[in-house]
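Trainee: Chain by chain, the residues:
Number of protein chains: 2
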Amino acid sequence: MTDTLNVLENITYNELKEGDSATLSRTLTQDELVLFAAVSGDVNPVHLDAAFAAESMFKERIGHGMWSGSLISAALATVMPGPGTIYLEQNLAFKRPVKLDDTLNITLTVLRKEPRNRVLISCNVHNQRGEQVVVGEAKVIAPTERVSLLKPSLPEITIAS
Amino acid sequence: MTDTLNVLENITYNELKEGDSATLSRTLTQDELVLFAAVSGDVNPVHLDAAFAAESMFKERIGHGMWSGSLISAALATVMPGPGTIYLEQNLAFKRPVKLDDTLNITLTVLRKEPRNRVLISCNVHNQRGEQVVVGEAKVIAPTERVSLLKPSLPEITIAS
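The listed protein sequences derive, respectively, from chains P and L. Just so we're aligned, residue 1 is where the first sequence starts under the working numbering, counting upward by one. Just so we're aligned, residue 1 is where the second sequence starts under the working numbering, counting upward by one.
What the hints contain is simulated information worked out from the structure, not anything from laboratory work. One or more hints might be untrue.
Copies of one chain are not kept apart here, so a pair can be met inside one copy or by any two copies together.
What the hints assert, rightly or not - Using 20 Å as the maximum straight-line C-alpha spacing, the simulated SDA-like pairs for lysine to any residue come out as follows:
no., residue 1, residue 2
1, 139, 93
2, 139, 97
3, 139, 128
4, 17, 154
5, 95, 117
The task is simple: from the sequences and hints, build the whole structure.
Mentor: Here's what the structure looks like:
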């Protein structure tokens, strides 16, 4: 039996149909705030310092807007179309802040298949209250060959407390 | 004497002028590949597995496209306009892969000041060979009040080898 949780499988250009959709969910934890600050270099205290954020217009720590963008890119790269996808374009409109412990639901929908394996995909991110957080569109080159591969396991990452 | 490396200072809407530009540089290391995979969930082996990547069309491990996007967002949030900026929109076109040890130079240029503190900013990312990697535009609400604050230091992050 294949453990589907540990397999990355794609959907080829030929298999994709307009209207097809796929979802991915993820919760914003303190670890994501620290890791995204480290990997992007955006160390604004509104993302990192609870006391500072309490005095800000957001009243509490918020996620980096582009973290939501990175979840969209992960959904494209791992779910639909999945491995072998080449990212051409992405536009994003940030509609609402993401708070600590919010769960984001990313929904991708195939809007249009274009020549030369191009696919236009709508990208919608809602929080657990159903509020739209980010909306946008992606253009990708969908894979033409079926790929199924074991999900690499990441080395352990430790954040000092 | 203020250590400017440890201070985040912004540029207000009133201070910004069309044509103003700012830059930020960053090098893609193996750590970024692992951390971005962890924080986004995009664990595609083309970013993580040297042997797999060698057999791919890219011939070696490449950075996540949205990592370049995250550098743009960090430049907007920490350099120009800096702290207090509210991110409204971003579009990105991914032009070339980023290889391990590539140094990316992010250049932001004010394209247009709009009513209600909106600013349209062009975003250009080149590698150390001067090749365009990512190009796009951001729309932000620029801060109206001067902010100068100490850069929070991140907790130590350890990646098991």
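Trainee: Each of the hints needs a verdict: does it hold here or not?
Mentor: The hints, checked one at a time:
1. Taking the shortest Cα distances, residue 139 and residue 93 sit within 20 Å of each other both inside one copy (15 Å) and across copies (9 Å).
2. In this assembly of identical chains, residue 139 and residue 97 lie within 20 Å of each other by CA distance solely across copies; the values are 16 Å between and 25 Å within a copy.
3. Proximity of residue 139 and residue 128 under a CA criterion of 20 Å is satisfied in neither setting, with 27 Å inside one chain copy and 26 Å between copies.
4. For the homomeric pair residue 17 and residue 154, neither the shortest alpha-carbon distance inside one copy (33 Å) nor that between copies (44 Å) is at most 20 Å.
5. In this assembly of identical chains, residue 95 and residue 117 lie within 20 Å of each other by CA distance solely across copies; the values are 17 Å between and 30 Å within a copy.
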